[in-house]
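Peer 1: So the sequence lines, in the order shown, correspond to chains A and B. First residue of the first sequence: 58, per the working numbering; consecutive thereafter. First residue of the second sequence: 58, per the working numbering; consecutive thereafter.
Just so you know, the hints here were simulated from the structure itself, not pulled from any lab data. No residue lacks a Cβ here, since even glycine has one placed at the ideal position from N, Cα and C. Hints may be right or wrong, so weigh each one.
[As the list claims (entries may be wrong)] Listed next, the in silico DSS-like pairs over lysine-lysine satisfying Cα-Cα at most 25 Å (straight line):
{"id": "1", "chain 1": "A", "residue 1": "425", "chain 2": "B", "residue 2": "82"}
{"id": "2", "chain 1": "A", "residue 1": "425", "chain 2": "B", "residue 2": "425"}
{"id": "3", "chain 1": "A", "residue 1": "449", "chain 2": "B", "residue 2": "345"}
{"id": "4", "chain 1": "A", "residue 1": "260", "chain 2": "A", "residue 2": "185"}
{"id": "5", "chain 1": "A", "residue 1": "449", "chain 2": "B", "residue 2": "394"}
{"id": "6", "chain 1": "B", "residue 1": "425", "chain 2": "A", "residue 2": "65"}
{"id": "7", "chain 1": "B", "residue 1": "232", "chain 2": "A", "residue 2": "449"}
[As the list claims (entries may be wrong)] Okay, the calculated bits of chain A under chain B, using three or more residues with CB under 8 Å as the criterion:
{"id": "8", "segment": "424-430"}
{"id": "9", "segment": "441-448"}
Chain residues, written in single-letter form:
Protein chains: 2
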Amino acid sequence: MVQQNSTKIVLVVLDGLGGLPLRGKTELEAADTPNLDALARESACGLHLPVGWGITPGSGPGHLGLFGYDPVEYQIGRGVLEALGLGLEITRRDVAVRCNYATVRDGVVIDRRAGRIPTEQSRRITEKLGREIKRIDHADLVFAPGMEHRFALLMRFSEPLDPAAGMIGDTDPQKEGMPPLSPEPLSESARNVADVAERVIKKIGEVLKAEEKANSILMRGFSSMPHIPTFQASFGLNALAIATYPMYRGLARLVGMSTPALEGGVEEEIAFLKQRYHEHDFFFLHVKKIDSYGEDGNFEGKAARIAEFDRLLPEIVSLRPDVLVITGDHSTPALMKGHSWHPVPLIMKSPYVLGGVCSSFSERECLKGELGVFPAVHILPLALANAGRLKKFGA
Amino acid sequence: MVQQNSTKIVLVVLDGLGGLPLRGKTELEAADTPNLDALARESACGLHLPVGWGITPGSGPGHLGLFGYDPVEYQIGRGVLEALGLGLEITRRDVAVRCNYATVRDGVVIDRRAGRIPTEQSRRITEKLGREIKRIDHADLVFAPGMEHRFALLMRFSEPLDPAAGMIGDTDPQKEGMPPLSPEPLSESARNVADVAERVIKKIGEVLKAEEKANSILMRGFSSMPHIPTFQASFGLNALAIATYPMYRGLARLVGMSTPALEGGVEEEIAFLKQRYHEHDFFFLHVKKIDSYGEDGNFEGKAARIAEFDRLLPEIVSLRPDVLVITGDHSTPALMKGHSWHPVPLIMKSPYVLGGVCSSFSERECLKGELGVFPAVHILPLALANAGRLKKFGA
Numbered sequence: 058m059v060q061q062n063s064t065k066i067v068l069v070v071l072d073g074l075g076g077l078p079l080r081g082k083t084e085l086e087a088a089d090t091p092n093l094d095a096l097a098r099e100s101a102c103g104l105h106l107p108v109g110w111g112i113t114p115g116s117g118p119g120h121l122g123l124f125g126y127d128p129v130e131y132q133i134g135r136g137v138l139e140a141l142g143l144g145l146e147i148t149r150r151d152v153a154v155r156c157n158y159a160t161v162r163d164g165v166v167i168d169r170r171a172g173r174i175p176t177e178q179s180r181r182i183t184e185k186l187g188r189e190i191k192r193i194d195h196a197d198l199v200f201a202p203g204m205e206h207r208f209a210l211l212m213r214f215s216e217p218l219d220p221a222a223g224m225i226g227d228t229d230p231q232k233e234g235m236p237p238l239s240p241e242p243l244s245e246s247a248r249n250v251a252d253v254a255e256r257v258i259k260k261i262g263e264v265l266k267a268e269e270k271a272n273s274i275l276m277r278g279f280s281s282m283p284h285i286p287t288f289q290a291s292f293g294l295n296a297l298a299i300a301t302y303p304m305y306r307g308l309a310r311l312v313g314m315s316t317p318a319l320e321g322g323v324e325e326e327i328a329f330l331k332q333r334y335h336e337h338d339f340f341f342l343h344v345k346k347i348d349s350y351g352e353d354g355n356f357e358g359k360a361a362r363i364a365e366f367d368r369l370l371p372e373i374v375s376l377r378p379d380v381l382v383i384t385g386d387h388s389t390p391a392l393m394k395g396h397s398w399h400p401v402p403l404i405m406k407s408p409y410v411l412g413g414v415c416s417s418f419s420e421r422e423c424l425k426g427e428l429g430v431f432p433a434v435h436i437l438p439l440a441l442a443n444a445g446r447l448k449k450f451g452a
Numbered sequence: 058m059v060q061q062n063s064t065k066i067v068l069v070v071l072d073g074l075g076g077l078p079l080r081g082k083t084e085l086e087a088a089d090t091p092n093l094d095a096l097a098r099e100s101a102c103g104l105h106l107p108v109g110w111g112i113t114p115g116s117g118p119g120h121l122g123l124f125g126y127d128p129v130e131y132q133i134g135r136g137v138l139e140a141l142g143l144g145l146e147i148t149r150r151d152v153a154v155r156c157n158y159a160t161v162r163d164g165v166v167i168d169r170r171a172g173r174i175p176t177e178q179s180r181r182i183t184e185k186l187g188r189e190i191k192r193i194d195h196a197d198l199v200f201a202p203g204m205e206h207r208f209a210l211l212m213r214f215s216e217p218l219d220p221a222a223g224m225i226g227d228t229d230p231q232k233e234g235m236p237p238l239s240p241e242p243l244s245e246s247a248r249n250v251a252d253v254a255e256r257v258i259k260k261i262g263e264v265l266k267a268e269e270k271a272n273s274i275l276m277r278g279f280s281s282m283p284h285i286p287t288f289q290a291s292f293g294l295n296a297l298a299i300a301t302y303p304m305y306r307g308l309a310r311l312v313g314m315s316t317p318a319l320e321g322g323v324e325e326e327i328a329f330l331k332q333r334y335h336e337h338d339f340f341f342l343h344v345k346k347i348d349s350y351g352e353d354g355n356f357e358g359k360a361a362r363i364a365e366f367d368r369l370l371p372e373i374v375s376l377r378p379d380v381l382v383i384t385g386d387h388s389t390p391a392l393m394k395g396h397s398w399h400p401v402p403l404i405m406k407s408p409y410v411l412g413g414v415c416s417s418f419s420e421r422e423c424l425k426g427e428l429g430v431f432p433a434v435h436i437l438p439l440a441l442a443n444a445g446r447l448k449k450f451g452a
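The following block holds chain A by itself, in its conformation from the complex (with noise of 0.2 Å):
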């Protein structure tokens, strides 16, 4: 039903928008937002939400359901969603973990994150391991260092891989003095797949037989990429993810997005989208720090982080994009410190909304607004029906 047409959409995506009272007002409601409420008073407002009702998402499936998929349908593994975020990029040929340093003494776990080794050493330790240990088997091997103990690995085969070759159990044995478990595979097409991780575990326990404390590894979250049909094939746009953060570009590029690499803030995001505004017609746009600072239970630092987006709002809105989508991929209470299931308020400015109807955008008045609550799934084909890239359904 998607059709083709020279309209320009901008999906701004802040992270963790949606908040809980501190005082009787949200973050969202303290912040200063004089941009953002004109905004959303003549704009269709309502809030949406990410996967169902208490459903709490993670990074992947909160994106996902913005990009117009179901994010049930549509799963993404711990171990890539990891490696997204590591930057590394992701193949059908591969199959991705994410890893532990821990230590080991006569075949047991006695430190399951090897002492919280520091970032610095525990990157020295990858490094080595990415030198020296570059093929198993079929299988080419690709490290990427993480924070303290934990790293990425991708195993990548020489074919695409079946959808459940991932399938495969952890090797962490969530408790100390027990002994590493094996890569069990869980599927017929992970067979190969465990046995290959079941010697790279051996080969890096090899490397690593010197180190006082990172001496062997844990594995958990196997899996390989899903599966799923283009942002272009699905809704017919030629769309570039903008974000700074590697897992938000990596979720976009699972879908097939344009992900160029971005340093800086939202100004630098801004400058960016200016910049490529007439070589593509769909714009992801990622607003990161809202929710590290819910995520920190820091209430006044959210609130101040909207704000600075308020002030940088019109620069976006003077493009006149033909929609533009403001919204986030979850909630981050700072009173909860964490993701939450609440809805997220939505803002979609078009030429063809009621409007008048909310008078500042908030969680409470995006309660009274047009679009209602509804699931996130449904932004992306409301977005191009706003456009006009969506055909008559029946005669």
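Once you've looked at the hints, dock chain B against the given chain A.
Peer 2: Chain B in isolation, oriented as in the chain A frame:
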């Protein structure tokens, strides 16, 4: 779960009711509607989504949803809708086609609309075809003249057809300078129908060969009648359709409503409702002109037609139906000069509502209503419940 009683349900469809603001007010907000406003104050109100978020429905899916059928599950082909609109009765033995007269020279289409020949001339030619080509192979042919270069054709076979028998590609090449395409069967059961269509085209070419412009035809939207359970079987209602436009009677006939022919305007429709009020328990009353003005982009005209209906509303209310539903089949904002995806305001009057929630009947007031924003397919079950026609679910 359906049970019988002696209640009466009236569903008034104000075609294309929903709108968008011009100078701050929608058509419905701008219209003078004291009677609708009073009814809204004492009724359950809300907005329905005809098909889904962002989906602009044609008249077919718009009405099927209001009749309680999932419009995605039951799709009505373009040929069928065209034939219904021209007043043809369609059976399960028929394949319906929308046809254009075209000018073809040396095997190439030089005008896809035969110079938009006048309706009178087109009617004369179509009647001639009806006289001269009554049967091809084992299929009877039924021709119905339309406007300008358009007409509808039924190929009526001796036995009921498989639902896939109408899956045949258009013969319209979409551009001038190309030869017409052959009717290509897209399913096994369409093969025989496509053969007949090919012979129909050839025979029509022979009959029209002396015509200067309309010397050939192009066929589009091949379709057979959808297999929809009847309204009586689904909902236990003996239904009467009151509509002056053939297409809406045709849609009601698809689900087995009684559909006597009727001429005139809304006053004649209401008189007919009164006259037949004791013979049925469900009444679908269709008001066309509101949509027509919306399609023309005539904001004032659309508002005037709404106000005109408002003045007649007391005559319907005075019948004291147990449940009175007033809504549209889709929105047709004058601003957009066409159907749109926007939710449609709805009033449901019964003794079993909260009421006292909305101060008038409008898109924005209905947002506050006790029914919220919900899929059209739930309207009929809700009306049945309000009429005491649904049993308890479970013990």
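Peer 1: None of the hints should be skipped; say for each whether it holds.
Peer 2: For each hint, the structure was consulted:
Taking the CA atoms of residue 425 of chain A and residue 82 of chain B, the gap is near 18 Å; set against the 25 Å cutoff, the hint holds. Taken as a hint, the residue 425 of chain A and residue 425 of chain B pair is honoured in the structure, with Cα atoms around 7 Å apart against an allowance of 25 Å. The suggested pairing of residue 449 of chain A with residue 345 of chain B holds, with an alpha-carbon distance near 19 Å, which does not exceed 25 Å. In summary, the hint linking residue 260 of chain A to residue 185 of chain A is supported, as the alpha carbons are separated by about 13 Å, within the 25 Å threshold.
Between residue 449 of chain A and residue 394 of chain B, the direct Cα distance comes to roughly 13 Å. Compliance with the 25 Å bound is thereby established for this hinted pair. Under the criterion of a C-alpha separation no larger than 25 Å, the hint pairing residue 425 of chain B with residue 65 of chain A is inconsistent with the structure, at around 32 Å. Annotation: proposed proximity of residue 232 of chain B to residue 449 of chain A holds, straight-line Cα distance about 22 Å (limit 25 Å). Remark: the segment 424-430 of chain A is confirmed as covered by chain B, as 5 of its residues place a Cβ nearer than 8 Å to a Cβ of that chain, reaching the required three.
With 5 residues bearing a CB less than 8 Å from a CB of chain B, the segment 441-448 of chain A meets the requirement of three and the coverage assertion stands.
The earlier numbered hint that this structure contradicts is number 6, and it is the only one.
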